[in-house]
Amino acid sequence: MIELTGVTKAYGEAENPVKALDDVTLVIPDGQFVVVLGPSGSGKTTFLNIIGALDTPTSGTVSVAGTDITGASRRELAAIRRTSVCFVFQSFNLFPGLTALENVQFGIDASGRHTGPPAHEVLESVGLGGRLNQFPHQLSGGEQQRIAVARALATGNPILLADEPTGELDFQTGVRILQLLRDQVGPGRVVLVVTHNREIARCADRVIELSGGRIVRDGEPEGGRANVADLFW
Amino acid sequence: MVIALGTGSYAGLSSVTEWRRTSTDDAYAQLRMFDLRVELADGTTVATSELESKARSMPSAGGIELASERLVTEIQVDASTADETIVVPGLLYGIDLLNGGPDVNRFYVPEGRVLTEADRGDDVALLEYNFTRYYELLPGNQVTISGGQTLMDVGHAMTPEYFFVTTERGGFLAEANFAAVFTSLETAQEMSDKPGRVNDLLITTKPGADVEAMREDLTRLFAEYGAEVITRAEDPAYRLNDSDIKGDQQIYEIFAVLIVGGAVGAAFNLSTRIVDAQRREIGIAMAMGLPPGRIAVRPMLVGAQVALLGVVLGLGVGYVIGNSLISLAKELMPLPEWKTDFQFDLFASVAIIGFLLPLIATAWPVWRAVRVPPIETIRPAYRSGRGGGLAPMLRWLHLPGNTMQQAPLRNIVRAPRRSLVTGLGIAAALAALVAFVGMIDSFITTIDRGDSEILGDSPDRIEVSLAGFFPVAGGLANQIEGSPLIGAAEPGLSFAGRMVGNGTEIDAQIDLLNLESEIWRPSLIDGSFDRSKPGIYISELASRDLAAAVGSTVELQHPRLQADGSVTIVSSHLTVLGVHPHPFRFATYMDINQASIFGTPGLMNRMSVVPAEGVSDSDVKRALISLPGVASMESVGDIAAAIRDLLDEFVVVLRVVEVAMLLIALLIAFNAASINIDERTREHATMFAFGVPVGTVMRMTMVENLILGIGATIAGVVGGWFLLRLIISTRVEDTMPDIYIKPYVSETTLLVTLFLGVVCVTFAPLLMWRKLSKMDVPGSLKVVE
Chain A
0 MIELTGVTKA
10 YGEAENPVKA
20 LDDVTLVIPD
30 GQFVVVLGPS
40 GSGKTTFLNI
50 IGALDTPTSG
60 TVSVAGTDIT
70 GASRRELAAI
80 RRTSVCFVFQ
90 SFNLFPGLTA
100 LENVQFGIDA
110 SGRHTGPPAH
120 EVLESVGLGG
130 RLNQFPHQLS
140 GGEQQRIAVA
150 RALATGNPIL
160 LADEPTGELD
170 FQTGVRILQL
180 LRDQVGPGRV
190 VLVVTHNREI
200 ARCADRVIEL
210 SGGRIVRDGE
220 PEGGRANVAD
230 LFW
Chain B
0 MVIALGTGSY
10 AGLSSVTEWR
20 RTSTDDAYAQ
30 LRMFDLRVEL
40 ADGTTVATSE
50 LESKARSMPS
60 AGGIELASER
70 LVTEIQVDAS
80 TADETIVVPG
90 LLYGIDLLNG
100 GPDVNRFYVP
110 EGRVLTEADR
120 GDDVALLEYN
130 FTRYYELLPG
140 NQVTISGGQT
150 LMDVGHAMTP
160 EYFFVTTERG
170 GFLAEANFAA
180 VFTSLETAQE
190 MSDKPGRVND
200 LLITTKPGAD
210 VEAMREDLTR
220 LFAEYGAEVI
230 TRAEDPAYRL
240 NDSDIKGDQQ
250 IYEIFAVLIV
260 GGAVGAAFNL
270 STRIVDAQRR
280 EIGIAMAMGL
290 PPGRIAVRPM
300 LVGAQVALLG
310 VVLGLGVGYV
320 IGNSLISLAK
330 ELMPLPEWKT
340 DFQFDLFASV
350 AIIGFLLPLI
360 ATAWPVWRAV
370 RVPPIETIRP
380 AYRSGRGGGL
390 APMLRWLHLP
400 GNTMQQAPLR
410 NIVRAPRRSL
420 VTGLGIAAAL
430 AALVAFVGMI
440 DSFITTIDRG
450 DSEILGDSPD
460 RIEVSLAGFF
470 PVAGGLANQI
480 EGSPLIGAAE
490 PGLSFAGRMV
500 GNGTEIDAQI
510 DLLNLESEIW
520 RPSLIDGSFD
530 RSKPGIYISE
540 LASRDLAAAV
550 GSTVELQHPR
560 LQADGSVTIV
570 SSHLTVLGVH
580 PHPFRFATYM
590 DINQASIFGT
600 PGLMNRMSVV
610 PAEGVSDSDV
620 KRALISLPGV
630 ASMESVGDIA
640 AAIRDLLDEF
650 VVVLRVVEVA
660 MLLIALLIAF
670 NAASINIDER
680 TREHATMFAF
690 GVPVGTVMRM
700 TMVENLILGI
710 GATIAGVVGG
720 WFLLRLIIST
730 RVEDTMPDIY
740 IKPYVSETTL
750 LVTLFLGVVC
760 VTFAPLLMWR
770 KLSKMDVPGS
780 LKVVE
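Chains as they are written, first to last, in numbering that gives the first Met the number 0: chain A, 0 to 232; chain B, 0 to 784.
None of these hints come from the bench; they were simulated from the model.
Do not rely on the hints blindly, as some may be mistaken.
Here are the simulated lysine to aspartate or glutamate pairs, EDC-like style, with alpha carbons at most 20 Å apart [to be verified]: (1) K329/B <-> D241/B; (2) K205/B <-> D102/B; (3) K773/B <-> E75/A; (4) K53/B <-> E64/B; (5) K329/B <-> D25/B; (6) K18/A <-> D775/B.
Just chain B, with the same shape it has in the complex (with noise of 0.2 Å):
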């Protein structure tokens, strides 16, 4: 069973991450995802056919397959159906739909209809499928975006952009607050008040291309407009998918060592007492001048029947995991197509393994069995008084109590090498529950941390994003400060940069606002504010990344406003004045007294507002929407609840896995307990003959069981932190770089494994209980002759 769970589990989810990467490839293909793509710095535009145009004029312009240009703009989406308030921050993309486009990242409609020629101009579009999935929303409803202008829902669309829905502000299984919607790009002009002009472009690359030139030929066409061109790997959909399925895969390598070498274990245990058991058979037939090659087949044979029906016990596991996840992949992941084609290569290669290390852990007690000579295993004093192991050095220990109670830790330390394997295995199973579990917890705890940092004391504060710079003392401001259902507003600015340091080079989301507000600013854990010094208040990862403390300097690339409009990208040195404690990397703070920096004086292009009392945010939301100038709003407190909710469907998974974990700690220990049973037969029916009652023998061995239990949670623990420490460094880093995320194991966890390693395996003697009170005594005194 041990190595039916192993292999299957490895083999079942190996299966899900090797089916997910075909059928996203082959997604990506087909939706003719963007090898390249070129944005320009936010509020610039340029007119259709300009960024194309340019683009085929580059020197690199040969490889060049299909170019798709596009408006890309900030709105709110109210999406609100009779029962609920749906009210998000999104983004409108303008899309040509001419001769049958876009031509690039096309759509995948499972519910609803496409978009055709047809639609240009019209006020018809589609909502991306995530979000839709979450809300439970049908097509053919209306939306209503920015100004108060609506769409009509004609079908839902999953694009590769959006297979995992990210946000410009680090949210991630971000559907339950952020909105794509696709709309015709003569649509998306009128609605945004930018007739004829586009700001986004799309290329896809013949083969062969050289991708990178091609990237720095367009960065250097777009300087101008203060563009960001990035390559698909860049893409942080596709980096999350890919480092994700990377990093799943990963981790069920490191889960597979630790349960195929907890049943590695419990195959020695069991080969060790099937080969004690036949010592004396063993020594007779040598005796009688068989061949060790001959003598070994049988014991072999044992081992090689429990691997194969461990492996063919896998498959059923492996499939049965495999179908039931790809279920599961397939609800969250709607792909055009999912190749789930029986996985029989990856299933073979299992099977061979996890069929040939139980043989040949099997192997080296047949082998020791077979060069003891074979007087040795016939003599009977040597079967009664064989070896005591390591309980000589403990003669001199004497615990409290009768020697009933010295008799649990000398029989464990007469057979070290047994205690330790069956010890390591269940250590290795409580290691990887902790490892695998406290992901989750110290997931949790980072969206705990930054909630509270964020939430700060304005929980129900709502982040207000402008469609372009507004005077902070001008009619938007006064139109929000002075509405009735306002209580508090303050304006700010927000950039995206970068910030260099250490040889690093990173992300930078940057708020400007006022650092003396009593409507919220950061907290910092290193530094403190002033107002009067110009500097940088950066998070704990940045810190580290940049090797940046507080006094230090470091490089900020950032847009600058030039008097005519334009934005250029500038370089600013900046003292660090502090470091706040968000897990977001990018989250970057300056006081808006340094808007000048920006080329922003008394210019705002978000303001932050907190409800009147006695007023909802849903009542706020709706009422800002149809300000022209409100692009988006977003309440602080939604981003992590959505993300709580999302959790707990990908939980599933891991308590597919939890589950796995809790059967093979507890069959390791029922093995050994059985085994510990056998073993010791003689001397337990010893005991019942001096009338020792059966639940005294019972105790004895559920007191080895709890300091094997004991030991193995010690260990399981420790190398299930330094695990999780690993895969959090590791795979981490790849996934999501910009979240800092503190290995953690919740009390919970630890209770969960404390009660596994200890309670458990401590009681799993008990399902002998009959076994035990039904012994022929009198039979189990003999020696068998």
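Okay, chain A solo, but in the shape it has when bound (with noise of 0.2 Å):
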């Protein structure tokens, strides 16, 4: 589902780059919940933004959900987005002038994808049908961030990305999500969570680990795959 092959993402000086990822290669099929793992400036960011068409590599090439979208227009990115990616944000990221329903909606509206289950079902399975009609500002943290899993949800995308989703949670509420998160992942799905939180990676399927943007562990978690309930930050 998400191939990558010699990626190099460089900055500044074509003498001096500075690499935000260094010839990284990896497969990641469907199926899987992958924890992507390392400090502040290790690259899982930039990992982040180019398996999610939002950036490019310098060198290398990438093919996501089938398409290869290495030297891909803006317009092209666009639509890899549209159809194939979704995003969980840490900061949620929800359109304030929109209901929670609303905002779930917005998901299948820009994704164009209206054969799935309608946006009030998907609020329901994230356990907030009774919030449809209420506004971002007046819900928790952690019904905002479960409204913006139920709008990556709604896109019907194979393909979930999460950017530190717990950053601004608690911890009983980021377990939620975790566990919320856990549980899209099946056949023709894949959730890939980025983090800082070795906690978190303890529930993974699989931990690819950064640093300095190369791959420096890819593999299941250290002492093996904990349920999100044993988890504990």
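Fit the two chains together into the complex; they arrive one by one in their own frames, and the hints show the way.
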């Protein structure tokens, strides 16, 4: 589903570039809950942006949902984002002028995929069926993030990318969100979570650890995969 | 830029009015404009020196500083050149040139030479400068006046009575249709066949003199001659100039309030945005214990920078506008000296206001920001989910389309204060545009109305004024009617008088004519023509001001010719039989069979003639000018055409203001769009992350602007309409009380306003296309830590 071959992303001068990603090669099939781990500056956000068709590599090839997006134009990248990926952000990034239901409906409208479950069902699936007509500022952080997850799910896109989804949440709420994301994994879908929190990596099927733009580890979590309920931070 | 345009326009325009005031006051003093004028009734003259000696015998004569007698005669002037036929009515002024005269109402001669004592009795003259400028005449040519007499034009003169050219029949900007000719008293007396006679006295008063007492004495003294005594303030040109300056300044102040209001709104929005963007930093600073005053310094400095930049640029704008317009003013009204000193006080006060108001507008959001509990600004949830404004009220309103079609309206109502300020700013600029251009529309439709009324079914009609009273069945009448160049002719009478009613006195120009004439008669909007009933037909404005509807009675003070040829002023009470739509208040009509009221049965002092088929009005005028008894002629079609030509010159001033309004409205719209796009960077980035095309996001922004623009345009048009009515009802009544100008906004003005307020405001965000399409989406998605 996701394939990177020799991907490098460099910034700055040609003689002395800063490499956010350095010769990254990997394949991520569907059906996996993947955590990309690394401290600040390790390249994990760049990694997410390239997979999410928000950025292009300096060198190497990127294939998302079977489409080579390496040399894609901005318009083509936008099309990929519409049809193949969806995002959950650290700061939720809900639209303050739309209700919870409308925020989720946005996901359906943006992707153009009207064949899936309607917005209110998606909201109910994340446990917010009773908050349809509330505005974001009327909801807690956890509720807002669940709406953000619902919005991403409503697109029906196979690749869900979450950038520090628990970063602004307390532990218990974060655990709930993590469980929600974990529950979305299945055939034809991959969930990729970017975080610096090692504890979160314990519930992944696969942990890709980045340091200095390079993959330093790629495999099962240390000590084996844990249940989300067993996590603590 | 908005501040610069607003303050600069006001300062520049106000400088011009101040220069006009100072320079014309100086000119009046230098040219010794009269303080009192005695004008004997039409046809009445006295021996030279009699007017002055009588005046000096009155009880308040000690107040007389200088006095000058004149002979003023109605004439026709033929100043035709090889390229152009120029035959217009006018006045011949016989001026006392003895001892370096005239002592009062002296001349400034920008072209040619002045008249001196040596010119007494010679056939030389000065022509009024505005007339010669209109027709681009040069000194050194001959002009022909009534009776085929010629004068050598030796110079072109400005004199206070003609700084604005007005005529007795209410013409203004009349330089194309009126020629004042100034010659020596002796020459005028000979040419008018009034040797040793005068009919006009000008007086300047000593400082501190009781002008009103002197006026009363003069009125009593010359009552037997049916004289009119006016003060300087009542001179039409003086009054027009004075109230024009005052009126202009009032208008500039109204527009300044609107424009600076728009600027304040723009500054308020900008500073709100800046403060919002720095909310976290402000919160952190407060959490660290910095006092609110110190925290406020930085955003206030930004506001001060914006205000200062605006004011400095405004100085430049004001300088350019002021100097451009004063060049035009100098060309239109050459004075002995134009005082155009830099108006430091004016610019300083405008700069202070232009600086302080936006600064105060900045202070309000800053003050609000430093009063918020720090934790509210630091907490992320607060930032991402901050307030929905009025959006919750519209949650049940679903516009057609998907969620991206709901967003624009929701975005407007979730920031109601900013939306309102932006909308009001645009509305203010549009209101100013509607009011300002609407003034010209109203003026032009008034001219059209008058045009339509006066032309009627005989647009080639010529009104011939006679030099006195002649029998309607006599030699002169036969000569005119019998001319092969004349297709039809009708005798008439014309008198100046006053109407009284409802505690008001107004001037009346009374024309007696055959109300069943096939040549021309007025139309009526109320009442009907009835030759069998004695009565009067008054204008719509007169009817309003006198509170005199059809069937009511008005008092008419008018001249009456006595058996011995003298003229007395009497009062008659007449029934209003009809109301006509001519915009000139003083236009008054009666049937000629009522001539006995004026003591002139069987007499005429004017004729209405229509050229014969294939004959031009110039041919008729040339033929009639040589007839003794013909004083002047005026083609009815020429008046409005000339005013329209002159309006084109003044429209230049309006275009300056119009462009300024246009720019201001566009700037406010662009400013709002720019703020919106900055404000919603993360929302837009989120949309882009979900693959929404740039065009869709831009469309949403444009729809938001469209909604704002529609609201602002409606408010602007409505506000502008009321402002136009206010300006017309206050300013016009002062400046031109005799003209009924009805507020009117043309379709073109409405379309321009609509285009600006809706189309341009809607498309203003397109200027941000590049910024939007080049957005760093990943960077914008992150909360800045």
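The hints, checked one at a time:
1. K329/B <-> D241/B: This hinted pair holds, its Cα atoms lying about 17 Å apart.
2. K205/B <-> D102/B: It holds: about 14 Å lies between the C-alpha atoms, which stays within 20 Å.
3. K773/B <-> E75/A: With a Cα-Cα distance of about 15 Å, the restraint between K773/B and E75/A holds, given a limit of 20 Å.
4. K53/B <-> E64/B: Status holds; Cα separation ~15 Å.
5. K329/B <-> D25/B: holds (14 Å)
6. K18/A <-> D775/B: holds (18 Å)
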